[in-house]
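Peer 1: So the protein lines, in turn, are chains P and Y. Note that the first sequence covers residues 1 to 194 in my numbering. Note that the second sequence covers residues 1001 to 1472 in my numbering.
Heads up, some of the hints might be wrong.
What the hints assert, rightly or not - Quick partial rundown of chain Y residues pointing at chain P, CB under 8 Å, derived from the structure:
1. Lys1023
2. Tyr1028
3. Thr1038
4. Gln1041
5. Asn1071
6. Val1075
7. Ala1080
8. Asn1082
9. Thr1147
10. Gln1157
11. His1162
12. His1279
13. Ala1399
14. Gly1400
15. Phe1433
16. Lys1439
Said to hold, decoys possible - Derived contacts from chain Y toward chain P, CB cut-off under 7 Å, selection only:
17. Arg1019
18. Pro1024
19. Thr1085
20. Ser1130
21. Ala1155
22. Val1239
23. Phe1241
24. Leu1412
25. Met1414
26. Gly1435
27. His1459
28. Val1461
Everything labelled a hint here was simulated from the structure, so no lab data went into it. This one's a predicted model, so the numbers in the text were calculated from it and none came from an experiment. Glycine included, every Cβ here is placed at the ideal spot set by N, Cα and C.
Spelled out, the chains give:
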Amino acid sequence: MEPFVVHKGKVAGLDRANVDTDQIIPKQFLKRIERTGFGRFLFYDWRYLPDGTPNPHFELNRPENEGATILVANENFGCGSSREHAPWALADYGFRAVIAPSFADIFYNNCLKNSLLPIKLPKEDVAYLLKQAERSDYELTISLEQQVIFDDEGFTSSFDIDPYRKQLLLKGWDEIDLTFVYEPYIIAYEKARS
Amino acid sequence: MVAPKTIIEKIWDEHVVYREDGKPDLLYIDLHLVHEVTSPQAFEGLRQKGRKVRRPDLTFATMDHNVPTINRFVVEDEVAKNQMTALERNCREFGVPLADLNSPEQGIVHVIGPELGLTQPGKTIVCGDSHTSTHGAFGALAFGIGTSEVEHVLATQTLWQHRPKTMQVNVTGSLTPGVSAKDVILAIIGKFGVDFGTGYVLEFTGDVIRRMSMEERMTICNMSIEAGARAGLIAPDDVTFAYLRGRTYAPKGEAFEQAIEKWKQLRTDEGAVYDRVVHIDGSEIAPTVTWGTTPAMSSPIDGTIPYPEQFATETEQKAVQLALEYMGLKPGTKMTDIAVQHVFIGSCTNSRISDLREAAQIVKGKKVAPGVRALVVPGSQQVKKQAEEEGIAQIFIDAGFEWRDSGCSMCLGMNPDTVPAGEHCASTSNRNFEGRQGKGARTHLVSPAMAAAAAIYGHFVDVRTLYQEVVR
């Protein structure tokens, strides 16, 4: 996994609540057996018109959002299906972090496995960031080490993250390798139960 | 004296392999169900690192998401075919048992787990599918995981997990005839919202739940995820034990009796404290129909579509407005005036034999309305066979329904079964998200009886009135 330490990037806003993983990556793209290449299908049904041309009304197609690497959205982001194709698509498109007042549990976990940082911020902060994101030059800096997020204009906020997950992200470690360190406990557990 | 515990905490504590401050618990997984869509990248990860499946004996695979439901052996979609072939190859290579398209055990993963007796009380069960919560109906702790976690479980049979918060969802009173488990869970989500369960495991309790069959309980637990809860469960009782007796993979003979004694301990102790408790009166629940694009956007069948202004926050108002635009519906419209062009009876929520019986009761001796295309997709090949033997299949066929092979089908339209843009579908599935059943498709979530009635009348009707006729 690619480590996540500090990231500075342009912010795109998606002011919608309950964005489900069916929207993030529609089902017709789940048939591939690779982990890569999902970015071009991200938000497909919102992003493209029936004739295949970009939908000019969709938030990410606005010129001011081009090249954004931080997505800000509303409550319950990533609800629904457990498909990890959702964070794969967001990361492949170029996002390194998603900010929202709340996330669905499975999606949140899936992000952490893919070095896509999910950040929960208070609703007022998200409202402020959604407003700022309407500009074409708005950038945020995220420090995972410090657990803070800030801009160059005085906004700053801190966020929580599980210390264990934080460590994995900072180092970019393979979790399965780490778990094998605990194999003696797994063997003991299996013995005790058999 | 041991502190009183909820059933959730009991199952959790029983499965902790390793615990350390500042870390999630390392949790042992008793059963890992696998399907073709969320597993190929996980197997590929194992292959790249030269890893094995630690416990193939605790792993069971099937193909369900993109299988065709007519001419199932002719998969015209090359990409889908490739995914199914990959599952076959992976299961062979890693020694994982597979119920493939030739197997009489094939079906939707959440239908066959219980049907085969793989699902048992007290187990920890995972699958790369959010509707894994279904298995909680047996008093198991069952939750959906992503593909990286699938790989982790394949390699280690464990997961690092934080202890969840616990919530009691108490359903009291009794249900009116014509009101089903599906209406209960839709009403719960409608009342408390699509994310009230985030971070919690739900325990469903109360008279209404106790009186339910196993298949009704599965419908309830299935949609826990639609409330944001990764898992929902119901403490096992005699109904659970009777269901499991004699199932293929359930313990046999004396071992089964011993298992029952153990399973009886799986109940929330007197005095145990939940992190949150919510309550709903079952007597007040009506047949429920969704009108929007989240499972919480629903109304009783005798109600009307709300006005955006009726909602408290600006975010909600905007969401309702967008949903009504997508659905092509106007506020104030009576639910019974919504016409449907498609009916889908199936999915891991409502495709079991009792669901089909319930629908057939409404359909018997009637015809599908002109202009309506109606589909029945049994949850498994076993359900299909049983329905054919009981004569239920013939009732559907005589009425003009299409009778299909088992699979996920039109619930998510990964196979050729989809709803065209702009058309309305009465669906017994679990998600009415935009585009779920096909780009531009307009989904209304309902119970099997409500779907059957919509097929006959061409619009939604209050099945409570039909039930009075049936009973008479």
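Peer 1: Look at each hint and say if it fits the structure.
Peer 2: Hints versus structure:
no. : hint    : in the structure
1   : Lys1023 : holds, 5 Å
2   : Tyr1028 : holds, 6 Å
3   : Thr1038 : holds, 7 Å
4   : Gln1041 : holds, 5 Å
5   : Asn1071 : violated, 18 Å
6   : Val1075 : violated, 11 Å
7   : Ala1080 : holds, 5 Å
8   : Asn1082 : holds, 7 Å
9   : Thr1147 : holds, 4 Å
10  : Gln1157 : holds, 7 Å
11  : His1162 : holds, 7 Å
12  : His1279 : violated, 23 Å
13  : Ala1399 : violated, 29 Å
14  : Gly1400 : violated, 28 Å
15  : Phe1433 : holds, 4 Å
16  : Lys1439 : holds, 6 Å
17  : Arg1019 : violated, 10 Å
18  : Pro1024 : holds, 6 Å
19  : Thr1085 : violated, 9 Å
20  : Ser1130 : holds, 4 Å
21  : Ala1155 : holds, 5 Å
22  : Val1239 : violated, 27 Å
23  : Phe1241 : violated, 21 Å
24  : Leu1412 : holds, 5 Å
25  : Met1414 : holds, 5 Å
26  : Gly1435 : holds, 5 Å
27  : His1459 : violated, 26 Å
28  : Val1461 : violated, 29 Å
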